[in-house]
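**Q** Sequence:
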Amino acid sequence: MSDNKRPAHGLWFIPITFFIAFYLAALPLPGRFEIARPDWVSLMVVFWVLVLPERFGVLVSFCVGLLYDSLVGTPLGLYGAVFSCLAYTILLLHARLKMYPLGQQALVIFLVIGISHIIAAWLKGAVMSTVSGQLHMWPALTSAILWPWVYGINRTLQIRFRVQ
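The numbering used here applies: residue 9 is where the sequence shown begins, and numbers increase by one.
Check the hints yourself; a few may be wrong.
Stated by the list, open to error - Pair ranges (Cβ atoms, derived): (1) H102 with L32: 24 to 34 Å; (2) C71 with L35: 34 to 44 Å; (3) C71 with R168: 39 to 49 Å; (4) G160 with A34: 20 to 30 Å; (5) E62 with I28: 16 to 26 Å; (6) A134 with F21: 19 to 29 Å; (7) R168 with M136: 38 to 48 Å; (8) L154 with K106: 15 to 25 Å.
Claimed, not checked - Computed cross-link-like contacts, DMTMM-like style, restricted to lysine to aspartate or glutamate with a CA-CA straight-line distance of at most 25 Å: (9) K132 with D77; (10) K106 with E42; (11) K132 with E62.
FYI, nobody ran anything at the bench for these hints, they're computed from the structure.
Glycine included, each C-beta is placed from N, C-alpha and C at the ideal position.
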């Protein structure tokens, strides 16, 4: 069998990317850099929904959100709902977003991740009765700045490992 005719066998790569994203999300940063931590898990959700919308959708994003809830200690389902909304938004914009150059994609990522942070803060306030004075622009901004590299590296590896 020629190399081009081999079946896709790289679905194991998706959990590895999320393991790395969870690791980077849990990694402690020095004081001032903590407020600008990129939202690694949201970037992975956006990437996989954008690249494989038929395999990675709202339900898988909800499951990733449940795992993220257990990582950060929020009530179970909070980030499940946030990542589900994020995946649904990307699915709605999927066809248009794939045609955009990476700079315009980064702008959309900034807006979508910023809105998801606002939704998460609102849900935390409703469920946990806590008010966060945290600025939601900085994680969205750093995520948008890193989007071209995250997309380029993951897309190259996705093609290399034949994740379909």
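**Q** Now tell me if each hint is right for this structure.
**A** Going through the hints against the structure:
A beta carbon spacing of about 25 Å between H102 and L32 agrees with the range 24 to 34 Å that was offered as a hint. For C71 and L35, the hinted distance range of 34 to 44 Å is not satisfied, since their beta carbons lie about 22 Å from each other. Distance hint for C71 and R168: a CB-CB separation of about 26 Å, inconsistent with the stated range 39 to 49 Å. A C-beta distance of roughly 24 Å is found between G160 and A34, which places it inside the suggested range of 20 to 30 Å.
A hinted range of 16 to 26 Å for the beta carbons of E62 and I28 is consistent with their spacing of about 23 Å. At about 36 Å, the CB distance of A134 to F21 disagrees with the hint of 19 to 29 Å. A hinted range of 38 to 48 Å holds for the C-beta pair R168 and M136, which are about 42 Å apart. L154 and K106 have their C-beta atoms about 19 Å apart, which keeps the hinted 15 to 25 Å range intact.
Between K132 and D77 the alpha-carbon distance is near 12 Å, which keeps this suggested pair within the 25 Å criterion. The hinted pair formed by K106 and E42 fails the criterion: a straight-line CA distance of about 31 Å is larger than 25 Å. Straight-line distance between C-alpha atoms of K132 and E62 comes to about 31 Å, which puts the hinted pair past the 25 Å bound.
Hint check: violations occur at hints 2, 3, 6, 10 and 11; the rest are consistent with the structure.
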